[in-house]
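Protein chains: 2
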Amino acid sequence: MSATTETAARGYSVTRPCRHPPRWDLETDVAIIGFGAAGASAAIEAAGAGAQVTLFEATSGNGGTSALSGGEIYMGGNGGTPIQIAAGFHDETEALYRYLLMAGGPNADAAKVRLYADLSRAHFDWLLAQGVEYKNSFIPQRIVEPDTDDCLIWSGSEEAWPFCEQAKPCPRGHTPKFMGMGAGRYLMDKLAARVNALGVDVRYDARAVALITGDDGVVLGVVIRSAGQDAYVRARKGVALCAGGFVMNRAMVKQHAPWMLRSQHPIGTVDDGSGILLGQSVGGQAINMSEGFVTLPWYPPESLIQGIFINERGQRYINEDGYHGRTAHYGLRQGCTRLFSLQDSETYGEPAFGPFAKIGIAATGDTWEEVEKELELPAGALVSTVALYNQHAARGEDPLFHKARKWLKPLDQPPFVALDCRIDVCFYPSFTLGGLDTLPTGEVLDAARQPIPGLYAAGRTACGLPRWGEGYSSGMSLADATFFGRQAGRRMAQ
Amino acid sequence: MSATTETAARGYSVTRPCRHPPRWDLETDVAIIGFGAAGASAAIEAAGAGAQVTLFEATSGNGGTSALSGGEIYMGGNGGTPIQIAAGFHDETEALYRYLLMAGGPNADAAKVRLYADLSRAHFDWLLAQGVEYKNSFIPQRIVEPDTDDCLIWSGSEEAWPFCEQAKPCPRGHTPKFMGMGAGRYLMDKLAARVNALGVDVRYDARAVALITGDDGVVLGVVIRSAGQDAYVRARKGVALCAGGFVMNRAMVKQHAPWMLRSQHPIGTVDDGSGILLGQSVGGQAINMSEGFVTLPWYPPESLIQGIFINERGQRYINEDGYHGRTAHYGLRQGCTRLFSLQDSETYGEPAFGPFAKIGIAATGDTWEEVEKELELPAGALVSTVALYNQHAARGEDPLFHKARKWLKPLDQPPFVALDCRIDVCFYPSFTLGGLDTLPTGEVLDAARQPIPGLYAAGRTACGLPRWGEGYSSGMSLADATFFGRQAGRRMAQ
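Sequence lines, in order, name chains A and B.
Mapping the first sequence onto this note's numbering, position 450 (from 1) lands on 450, and the numbers just tick up by one.
Mapping the second sequence onto this note's numbering, position 450 (from 1) lands on 450, and the numbers just tick up by one.
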């Protein structure tokens, strides 16, 4: 009987567990599915605690979606990392806690936020111990990601309303010492080197096709398909799903977060939802599935923050000094495709990512009336919005949206410019923020929030710190993946 | 061993199926959980097709949340019901299809909408056959629900943009011939009488505490708890979960739709989510769990539709001629608690539900400047919004939100009034729109959209026609519950 026939005959799949494996082809303590930041961190901690660890990766190399990223990790608290302190910031744990709780939105997981806030500073030391290096430097300007090897940046909405009212602002985005953008690959190289040094058995081109459960529902292991053969893997201490999110599975996105289909630029590698589906197949509950991250990298230069966003009704909709993902998220909720960033001759600067993000110039004019007309907006709509904004800005106030005073100035110096931020034209990348409900230990929970014995998840497969597009800040995903990957690894090794 | 000890020892619960029942206490063809409109309709069809049907209801009477409703059912197509035709409307099936597809939102189920649009007209005849009577009358004014025994009303956003652009408008809300509001009880009395006449075995005070599955995952039956005793019920042809939604389970609402917690008036009877949890316990996938219905009954009188809604930034946010649930839903998304309906002396009329819904007067004035000041809104914000609206309305246009011309007039006749529609003060009732993913036949699907043998769901326990607060129209829930309850009943009886 061929492997394929055998599989079909047995009737298991990513959504149906295997209940009676014909044999055990491989036995290990801990089986980890996925070699991104979460899987690597889980493997390092489990192996470091003495467990026998086997790591299965569906592709031919390590890194996953983590390696596509900027490598930034959101850290602070306990007074601050050495880099925060050197830059003159004192970062209280409570400020980090309150910021992350707000950033997580109405569905934030207070237990995870608590644990992370308490141990974030120590997590920085752990990263150093894995060989990740950070330059002792801070970039005060608002940017998306350093194109140098500098470290600390404002990577969220810390100084923007309403966050600044509830949590003392502090920059917390830590980017590794890597020259240029895309330090995620560097981060993964360091973590992968540790995984290998610890003797973890890594199997590439090895895909998890089903979980294996006992009749009592306990997860006993996992079926791994490689080169057309199914191997039945017994994992004595647990299976950890670290297989990414579901943004590349457009059917799943359509089912759970159809609004995200408006972003035509999903960011992922595999991210086919298989990790989440495997968890669901044994009763794990997927939560927060309708939430996602969407952005438009419209700054730098930071002078653009002095401009205002309007929708195609000419209405302003957000304080423009929040993180670019927050402003983009509000833009997507405007119920239209045309969005504009209005600038005058003093605030305008060519968007650094303009050519890449397809942010062009939609209209120019010597008066706002001209701009309004060129954009074919309803008569008076843009003009009255700018007039109201200017009237308040001249007094250093933004009573509608509370943009901070430092970014306020009347947009009254012609020529005027409307930047084209159309959702169907510009680069609005996206990824999902829903996943399996887990305890801070990584234990996967059922709908009654009871742990499913033997099953763990971390990274985008789980629902962790980042849960809300409106509050997302750069570095929250890798913070979540590395830190909670570690918790799962340690718990499994016990 | 007492019943309680026995249960605990067996380890099953609403989220953990029972795998090895010690015995069968009762055998039936079809077990239906819940005696609301969905359960009753399923029972009628299954019993009518010759199946042995047992209906378990957790409370001591029938009706469920359906009996709390206005009894309105959204129907039409195939030229129209006799009542639509008598009122001068010709309702094409395609118009009904397109309207329901839009009303279902980005996650609408095209297969369900198709089937319902095709058979909605026949469903009207079925209701007549069950003894439900309708008066041949039409109320052309925009109301929430007849307080007479009249039948046909505009119960959605059919004439409002953008719906009117894609589907020819037609009134489709059919309310039974029952004097006064609250015809849901009348509807349930009729359906319950049929259930009893067909010899369905109805068990009250009988709660489903777990599903029973075979090792192969097939649903074999259900554990029913009554008077402290657990009975193991074998259902040869299937179990149908018709147990309502989860709006009364505030922990579930917090987990899945935290934004709905802003509504302090959940509408439900049991609606504790147990139907959904039972389905999930055997691999059924709950979808659309973040969506819900919220409303504020701010009209009649319909003259109020000529006013405009603003948020606490003084911004308008919706065309006011949509269904009250649509306008309320947009209000909730404004990120503030203060919302106002602005009226002038020609449009103002005391809101019919004002005292009940706690809609008071927030401010009055001889100028809009006075009103703005009294509301303590940002200087110029309300005034510029009204000025822009008036400028367009004077030309019979609403280029920002496309309110229909018949509702447009400048708000320029003092004295002016701002109605107080605060979210934390007024009556914003809510219910959930997420549930188990099902086929139009009622078969419950897993995460791979494969049916779980032996398991069915209908009504709010399933995710049916209504899926989107912004598109919800009165009568969609009972249309869904009765029609798809019938489909499940018929399928199980096969």
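Careful: at least some of the hints might be erroneous.
Cut-off 20 Å, straight-line C-alpha distance, at most; resulting in silico cross-link-like pairs (SDA-like, lysine to any residue) [stated by the list, open to error]:
no. : chain 1 : residue 1 : chain 2 : residue 2
1   : A       : Lys373    : B       : Arg449
2   : B       : Lys373    : A       : Ala387
3   : A       : Lys254    : B       : Lys373
4   : A       : Lys177    : A       : Gly214
5   : A       : Lys177    : A       : His123
6   : B       : Lys373    : B       : Pro355
7   : B       : Lys373    : A       : His123
Honestly, the hints are just simulated from the structure, not real lab data.
Open item on the list: Tell me the numbers of any earlier hints that the structure contravenes, in ascending order.
Closed with: 1, 3, 4, 6 and 7
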